[in-house]
Amino acid sequence: MASVAMTLDANCIKRDFPALERIVNGHLITYLDSAASSQKPWAVLRAMDNYYETTHANVHRGVYTTAVEATERYEGARVIFARFVNANSKREVIFTKNVTESLNLVAQSWGNANVGPGDAILYTEMEHHANLVPWQMLAARTGAVLRYVPVTDDGHLDLSNLDTLLDGAKVFTFTAASNVLGTINPVRQLADAAHRAGAIAVCDAAQLAPHMTMDLQAMGVDFAGITGHKMCGPTGVGVLWGRESLLDAIPPFLGGGDMITDVHIDGFTPNELPWKFEAGTPPIAEVIGLGAACDYLSGLVLDDVRAHEIDLTGYAMDVLEARFGDRLKIHGPRDPNARMGVLSLALEGVHPHDISQVLDQQGVCVRAGHHCAKPLMRRLGVGATARASFYVYNERHDVDTLAEALSSASDFFK
Amino acid sequence: MASVAMTLDANCIKRDFPALERIVNGHLITYLDSAASSQKPWAVLRAMDNYYETTHANVHRGVYTTAVEATERYEGARVIFARFVNANSKREVIFTKNVTESLNLVAQSWGNANVGPGDAILYTEMEHHANLVPWQMLAARTGAVLRYVPVTDDGHLDLSNLDTLLDGAKVFTFTAASNVLGTINPVRQLADAAHRAGAIAVCDAAQLAPHMTMDLQAMGVDFAGITGHKMCGPTGVGVLWGRESLLDAIPPFLGGGDMITDVHIDGFTPNELPWKFEAGTPPIAEVIGLGAACDYLSGLVLDDVRAHEIDLTGYAMDVLEARFGDRLKIHGPRDPNARMGVLSLALEGVHPHDISQVLDQQGVCVRAGHHCAKPLMRRLGVGATARASFYVYNERHDVDTLAEALSSASDFFK
Amino acid sequence: MPGLEDLYREIILDHYKNPRNRGTLEVPPAHRSDGVNPLCGDEIAVYVQVEGDTVTDVKIGGQGCSISQSSASMMSAAVKGKSIKDARLVIKAFKAMMSIHEPGHDPDAPPPDIKLGDLEALKGVVKFPVRIKCATLAWNTFAQGLDQFVK
Amino acid sequence: MPGLEDLYREIILDHYKNPRNRGTLEVPPAHRSDGVNPLCGDEIAVYVQVEGDTVTDVKIGGQGCSISQSSASMMSAAVKGKSIKDARLVIKAFKAMMSIHEPGHDPDAPPPDIKLGDLEALKGVVKFPVRIKCATLAWNTFAQGLDQFVK
Ligand SMILES: Cc1ncc(COP(=O)(O)O)c(C=O)c1O
Ligand SMILES: Cc1ncc(COP(=O)(O)O)c(C=O)c1O
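Chains as they are written, first to last, in our numbering: chain A, 1 to 414; chain B, 1 to 414; chain C, 1 to 151; chain D, 1 to 151.
Everything hinted at is true.
With the C-beta cut set under 7 Å, the calculated list includes, among others, these residues of chain C facing chain B: (1) L4; (2) C40; (3) G41; (4) D42; (5) Q63; (6) C65; (7) S66.
Computed cross-link-like contacts, DMTMM-like style, restricted to lysine to aspartate or glutamate with a CA-CA straight-line distance of at most 20 Å: (8) K127/D <-> E72/B; (9) K414/A <-> D6/D; (10) K414/A <-> E10/D; (11) K414/A <-> D14/D; (12) K127/C <-> E69/A.
What follows is a set of in silico ranges between Cβ atoms, one per label pair, in the way DEER data are often shown: (13) H101/C <-> D295/A: 24 to 32 Å; (14) D34/C <-> R327/B: 28 to 36 Å; (15) P28/D <-> P270/A: 54 to 62 Å.
Source of the hints: derived by calculation from the structure; they are not laboratory data.
From the three backbone atoms N, C-alpha and C, an ideal C-beta is built for every residue, glycine too.
All chains, please: the whole structure from these sequences, using the hints.
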């Protein structure tokens, strides 16, 4: 894949993103925190503004022109998204506020109906808190037991005992890619193993969807969640995708307007999919913005996005290794083809917080902390890492700036 | 109050709202559906754009400049909102995606911990589905019984049996104002009655906050919810306000990042307020937009907003009565001081759907349907109403346009 | 945006003001099915009587807008006296006119060779997508009723 | 935006590289309390030994950034040997320097008349609001420990 002709011109793409023109502490910003949240292209901001400036009205219930237009834009974004991830039908696409809500929805609506005392819930040691806490809450409610797939020293899932771990499990939930290690997990293989054991497979695709083609048919999972703000979309919107048969079978999540067919003073009848799971006025402008983000990414071609990131990741690893040698540890797999453009760094003698602070003086944005993956941090034996992550608008020059800034941090604390 | 000097110049205010320049079917739009969702002023759109264009980053975890700025803007909006509703502390202000989520949060986190078999849940016959369905779900989960305060023929709550209805109730939840009848409920009186009976008081303030000063200290309730998109704010954001002691006592709602202090592979410790109830990346830009909306409304002065709406409502009732006499019924209280600027209309011989359709030809936007209050529609003995609702940008001229358009609908179907 | 005359044809207003086959039938032998439009709250009751293979009577109750009421009225006139099979063809043809197709529908297939007569007047509804649910409410409810007789 | 030198004073880096009072104490008689910074995951353990009315020993364990480690180190030096009452005053003065005030605090009241000595070097942290949590982690943890001895 790294040999694919590089058709992305990151320097040109940069101009699509207004926030990348920001001057920070006298330097043009070098934004290396897209794994936390990506910047937004003009196309997305304009789509939302245009909606608000011309056609805003509440959706689904209005007869008048702008209400119809608002509904069409909102439901149109659902069709765009369904195509973007190769879903079978737009009935399977449920809009939420973020992937955290998507995963809570599964843990509650599916979980309460399907998990009982003694059943096992399997997740992994590299999950984000968003894919741990909802299941811990489910286990506490139901008396289910929690199990996890451990992480190996080189940052992969240790699948040697997978079948044993899956024995008695009702659900296996895993991230498609680690937001700390960059590791890409073998989603299809994990889903197949879950199914062989009679469990459903849930995928946290928050770090996948922004960076490579997401093909739900190929992934073979039963539920998958994404979050808009990491994939050029606005804050305030996420998606839960689920198999129609499963979504049909489980009870609603939140109750309120739009998720009902009828309400009496003492009870209600739920609506059909997908609205059954969309209670209240949805994030209309945000969904429209997410649709525009999918169009923007499709325009760049996801395979090229991926090729660009592999190139950049490989370059970064080479440059940093050459410059810092043993003084710098990069967590996770060494092969750029086996990982995302997420580099969790440990620099000798300098705490991640201090790295981030010193880098900020040079306009370089990297995240320092536990990245909402505390169990994984314990596994790595660190309290925090400094994480640099790349996206479509980053170029080799940004890597060079990072390396320079890391040098000065290292010098400062020598 | 109606005698207060009218300082609002709606014609001037209109220019703050780009969507009101829209031409629909050859006519300048007459937007009379603000009870469903209000339009947004430039100030709100610009606040969100400015955020995305200059400082977007994920909040709460970053050391670098723009992450700090993003956090400051986000948490700054919390302070603005806390002042806007006269909360004791920003720890009591929890950002949600809409008021529907706010009410579900109470019904789940407070409800699961405090409501058991045989306990009564009291709501009213004029509630929006958002304040019915979550409690129906709670009753189904816990075996609690549902009771309701009936609505009188003139559109008020029938409080004659309130104490009996409250006997054995754990919670009394009610809307501050009806989105169908316009009726303003005596919030303080209802809250006090609830407390005397040992129940908590929950207030759906979705229709209150946009239109008059919301003073939580005066209201005396224990929880209150609002939704951003009805008060000049963006879609995708709402608020739950709750008493600190209650919020501290109840378990979290959704699980994930930010709502934790610590996570182990088999369990978690919740965070402090308000973050304990904010799982995952919040609607950052939307919260900032809501802050700008509060500033915008404060700038207009809420007492003047209310005075303007009373004036407009009175004018509308006079004009419509004079023109249509018995052929037009306006549901709800006759006194403009006792109601919001929400007119649910029944026009002889013309179904609400057809009214809305014909009005749309003249660029007039009114909502037709059950307004997510089916139990109330049954009480009124209608399937639907046509609802015209006013806001800061509406003026007497809009009422005249409405009356004209209703005449033509009446003629068309004669 | 198409004009009002595209939607509200003369004949529609006529059926709205003078609905055919309003009323109820005795249940049993007739069957009653109820439909609701969740968007607006309109409710309809369709009574169907079947003898042998024939829809011998249809009556309509409930309330709704001009589109849903006239559609129900025209439908009752169109299917009364038809065989179940032919009634189903009418449903299919009407829904096709409303751009609603069964799963597996071939978009290039010719429309069913059914004369819709007066019902053609409802063609304009397609241009007002929210109103399609109004126009089809009676039809879906009637189809449910028919299903009861062939179980 | 203030510069790095406002934050990272010489003396801070010295305490970071050569932390005072690192280690553990025997529990009991000492008390151990643990603190965590939920934002970054830094963890600290503070061992406190009290005899009579006096904080006779303090030791620090755990890991953290230069600010949290140096603050812990300086704190240990500042409170060791002080009476519980005086130790509390130091905590209060330090937190006031960090712009953190107890509920009911009068903003116009003069700052407590306490010499913070080396700790003054941490003053620059106030300009970096996210780092205040780093600087105060050890202090909050120490305060919890003290509470154990006066229950
Ligand atoms: C009284 C009332 N409560 C609740 C809601 C629900 O608001 P949302 O859909 O924004 O959650 C509305 C508006 O739709 C309302 O008018
Ligand atoms: C792998 C993964 N899962 C879940 C999340 C949570 O996303 P959100 O906070 O948008 O719900 C993130 C990002 O923070 C992530 O990287």
